[in-house]
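**Q** Could you build all of it, start to finish, from the sequences and the hints given here?
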Amino acid sequence: MLRMPRNVFVLFRQYCSEHPPSHDPEENIDLSDLLDYAAGVNGALPPHNSETDFYPFLIKSPSFLV
Numbered sequence: 001m002l003r004m005p006r007n008v009f010v011l012f013r014q015y016c017s018e019h020p021p022s023h024d025p026e027e028n029i030d031l032s033d034l035l036d037y038a039a040g041v042n043g044a045l046p047p048h049n050s051e052t053d054f055y056p057f058l059i060k061s062p063s064f065l066v
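For the sequence shown, the residue numbers in this note's numbering are 1 to 66.
Just so you know, these hints were derived from the structure itself, not from any lab.
Check the hints yourself; a few may be wrong.
[What the hints assert, rightly or not] Here are the simulated distance ranges between beta carbons:
#1 Phe54 - Pro21: 38 to 48 angstroms
#2 Asn7 - Ser32: 30 to 40 angstroms
#3 Asp33 - Val8: 18 to 28 angstroms
Glycine is no exception: its CB is placed at the ideal position from the N, C-alpha and C atoms.
**A** Next comes the structure, spelled out in structure tokens:
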């Protein structure tokens, strides 16, 4: 088992091997692979919807903080 050093986020990679891979496992990953929603044709973010942005919370901050 090979364990790589921790990065600045305190994350590490662990491989079931004695040697690291010969290629970068993330070389073909782009931003859309990391998002939970499909970006538009030009990569734009989905439209803002104040009704669902804070779901399941009813308000974005407690009234005493406003």
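**Q** Tell me, which hint numbers fail for this structure?
**A** As far as the earlier hints go, only 2 is violated by this structure.
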